[in-house]
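Peer 1: So the chains spell out like this:
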Amino acid sequence: MNTKTVNQKAWWLVAPVVVLVAFNAVIPLMTVVNYSVQETFGENVFFFEGVKWFEQILRSSRFHESLGRSLLFTAIVLAIEVPLGVAIALTMPRKGPWVSVCLVLMAMPLLIPWNVVGAMWNILALPDIGLLGHTLNAMGIDYNFTRQPLAAWATLVAMDVWHWTSLVVLLAYAGLSAIPDAYYQAAKIDGASRWAVFRYIQLPKMKRVLTIAILLRFMDSFMIYTEAIVVTGGGPGNSTTVLSIDLVKIALGQFDLGPAAAMSLIYFLIILLLSWIFYTVMTKDEQS
Amino acid sequence: MKRYAWLVPALYIVFVLLPIYWLLNMSFKTTNEILGSFTLWPQEFTLDNYRKIFTDPTWYRGYLNSISYVALNTVLSVTVALPAAYAFSRYRFLGDKHLFFWLLTNRMAPPAVFALPFFQLYSAIGLFDTRLAVALAHCLFNIPLAVWILEGFMSSVPKELDETAFVDGYPFWRFFVRIFIPTIAAGIGVAAFFCFMFSWVELLLAKTLTAVDAKPIAATMTRTASTSGYELGLLAAAGALTIVPGAFVIYFVRNYIAKGFALGRV
Amino acid sequence: MARIGLKNVRHSYREHPAADADWAVKRLDVEWAEGSANALLGPSGCGKTTLLNIISGLLRPTEGAVFFGERDVTAAPPDARNIAQVFQFPVVYDTMSVFDNLAFPLRNRGVPAAEVEKRVREIAALLDLEPMLMQRAAGLTADGKQKISLGRGLVRDDVNVIMFDEPLTVIDPHLKWRLRGKLKELHQRLRPTMIYVTHDQTEALTFADQVLVMNEGTVVQSGTPVELFERPRHTFVGHFIGSPGMNVLPATFENGVARFAGHVVEIATPLKAQQDGARLEIGVRPEFVRFAKSGIGVRILKVADSGRYRIVDTVADAEPPATATIIKLLVAEGTALPSGPAFLKFDPAYTQLYVDGWIAG
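Keeping their order, the protein sequence lines are chains A, B and C. Under numbering that gives the first Met the number 0, the letters of the first sequence match residues 0 to 287, in that order. Under numbering that gives the first Met the number 0, the letters of the second sequence match residues 0 to 265, in that order. Under numbering that gives the first Met the number 0, the letters of the third sequence match residues 0 to 360, in that order.
Simulated from the structure, these hints should not be mistaken for laboratory data. Even glycine gets a Cβ: it sits at the ideal position worked out from N, Cα and C. Incorrect hints may appear among the rest.
One-sided excerpt, in silico: chain B residues whose CB lies under 10 Å from chain A [to be verified]:
1. Leu22
2. Pro170
3. Ala185
Here are the simulated distance ranges between beta carbons [what the hints assert, rightly or not]:
4. Pro340(C) - Phe171(B): 18 to 26 Å
5. Trp194(A) - Tyr250(B): 55 to 63 Å
6. Tyr20(B) - Thr140(C): 22 to 30 Å
7. Pro181(B) - Arg193(A): 39 to 47 Å
8. Asp171(C) - Pro181(B): 19 to 27 Å
9. Asp47(B) - Leu70(A): 41 to 49 Å
10. Val25(A) - Tyr20(B): 22 to 30 Å
The shape of chain A in the complex, shown without the other chains (with noise of 0.2 Å):
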């Protein structure tokens, strides 16, 4: 199945789908990169500096510590959704009307602006007002997530597992879809158990589409910005101030557009670097 046949022409159906990413990829690349490596003391006087702005940020702990943050958050978020994800698309409906119920309902959390997301999560959790909030203080639990690092985190992760758990179920589900009917028969002809239809054949078959899922989510959660700044603003104090949070802070607060473009140029190619390394391991025995 993996027999590709080599043929250059094939550049040719390539060719469109190149011409529109490149065209906004690698114009405003050059922009930034630009900026990065210049001075500015407004007026548009720019000053070349060289590596002076990636030094700083590299060597700042300010930097190490919302680094930190982000990969922890990544991490969080990745290790809940993936399974959980998956395990609903294994035990949502596959037939009959309760499909589109599912689907429709699983959906909605992925259509609503950021910012609203945000917004929601943020009334939700506050104490005295919110659903979330208020029933958990009603419980016993003393839970004020603008005070409590730790409860601050907590809404963080329960809101972005709200958001995009469904990502992960619509990417697995259709995954599954895709295994012909032939695998299971097989499967129950030679007497496989549920668990062996799903390691050997279930979970093999959906690799490609759940290494999609989980480099997706990585990216975007690495990345999270308006909704973690919608909800907690970063705080309390800077206990949930991730990566693009800081950087933004940098750029528009101080109006550096030097360290900010270097910022994210080294953000920009930590991701880079962390998802070519997911991508090599998921996809290893293919390039064989």
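Using the hints provided, position chains B and C relative to the given structure of chain A.
Peer 2: This is chains B and C only, laid out in the frame that chain A set:
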């Protein structure tokens, strides 16, 4: 054990619906009531928020703008991605692995700092404040996504299927449309929905590249959040309404996504 | 191994079938002998896959019963019927080695490890899979994978019947004949009951002792390959089998004599009684038509070279050219074609009369 399996999606749906119920709850309240007290349903039920949205042109035009550029982008992205995904799936060519990964890297850019360069680019080509501009700009992240998803599904279709069709005398395009595409229906459904979704919720570029004419709904909503204080009721109503178009889309593609389950394909 | 029987089986995919066309399989009564090699032959959509799935238990028939030997298995699920099925495209467990794939059905039934090892190696030797036993199944070519699929069916010694659903579809042509030979060899060695579904007549006729020809949900004819060839019971069988297919010529039958284009034709299956309004046809295979000094006057249209013989297309002089039926015949390589006026003679033993498609008499 199998009998209780339905609990998993059921519980998840309850979890999903609670904040949405809360959103609907807020949308029928006044901002004062939202901030003032904790009530499970509106004490002073009001349709004002919705009325405002349906009558104020900035609001409903925002919806129309968003729907049009999102639809444009979805169609464009999926259409262009199909042949590319086929190429990646079936052929080896110079630089193919690197190109494939490069596509994904375009989703790795934290948007904040790229806003300005995008603004400059699209102004330079005279597309500022057009829906086309947003549709094109969103290609940056949607096309790679579509290509990746489609390629994943295409690769599980054995190449022998292509060859059998050729042997049977099908011209390529006919094979592609009549046989291949139905086989990867689930992938197309999911790719189309995700393109729609990611374009629909994208705020930054949509705001940056538009001013008045093509202003999307998302931009109007952020304005609400910052200028006249926090008009929560209005925001909630707008938020609730943003779910509607996407709900239609997924309803529309539901048969594609679940297609494999309905057929007994051998 | 067991005798397989289908009694009064009918199947529809619809909830409430009304018209005849709603039934995928129309009333069927079939029996397959123990240890026999059988083929289900027919065009796409004729119901053969449906029938196969009914036998294997993947489908429960709307009406009727399925018997394995004396046992009524209509309600039994596939794993209780002890069957094996090889599908149209290779179904292997990608993540396992070839060995583990073959061992899988045995392990699931709790067979002890030593026995598993023995059986797997035995079957692997039979299928020429020994050199790759430890390789990952995903890495094999399509024919290798199909062999694994087949092997999984053969490792179990309690298999009642092995079913094949167009298994050579994705195999390269030059490997097809090798696999076919292997299947025949296996049948002769192990003698399982085999049912082979295909739309390819060569596969069916070379593999099976008994062939069932199906069309639109019914069995049109059941018999040995020779019977199907020499005495097709329906013009459909005549068309479908043989390359080129049987010649079907419009005919009349009066006073005990059959005529085509005015000429008297001697037939093996005359009508017992006159039937008005029915469509009458004469069927004779190109193999049983030859040039003669007298007989039906024809004009040669075209000659195609087909290796050891030539296929000659002719039309009768007596028929108007616009609507004339082409009569094909085979002429051996060395034989000369008539240069002047040509005449055809049909071998009476193999010329049949058909009424509305079905054989007369």
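Peer 1: Now tell me if each hint is right for this structure.
Peer 2: These are the hints, each one checked on the structure:
1. Leu22: holds, 6 Å
2. Pro170: violated, 16 Å
3. Ala185: Since chain A brings a Cβ to about 4 Å from alanine 185(B), closer than 10 Å, the hint holds.
4. Pro340(C) - Phe171(B): 18 to 26 Å: violated, 49 Å
5. Trp194(A) - Tyr250(B): 55 to 63 Å: violated, 34 Å
6. Tyr20(B) - Thr140(C): 22 to 30 Å: violated, 56 Å
7. Pro181(B) - Arg193(A): 39 to 47 Å: Between proline 181(B) and arginine 193(A), where Cβ atoms are some 29 Å apart, the hint is violated.
8. Asp171(C) - Pro181(B): 19 to 27 Å: Check passed, 25 Å falls within 19 to 27 Å.
9. Asp47(B) - Leu70(A): 41 to 49 Å: holds, 45 Å
10. Val25(A) - Tyr20(B): 22 to 30 Å: Taking Cβ atoms as reference, valine 25(A) and tyrosine 20(B) lie about 45 Å apart, which means the hint is violated.
Going down the numbered hints, you'll see the structure goes against 2, 4, 5, 6, 7 and 10, while the others check out.
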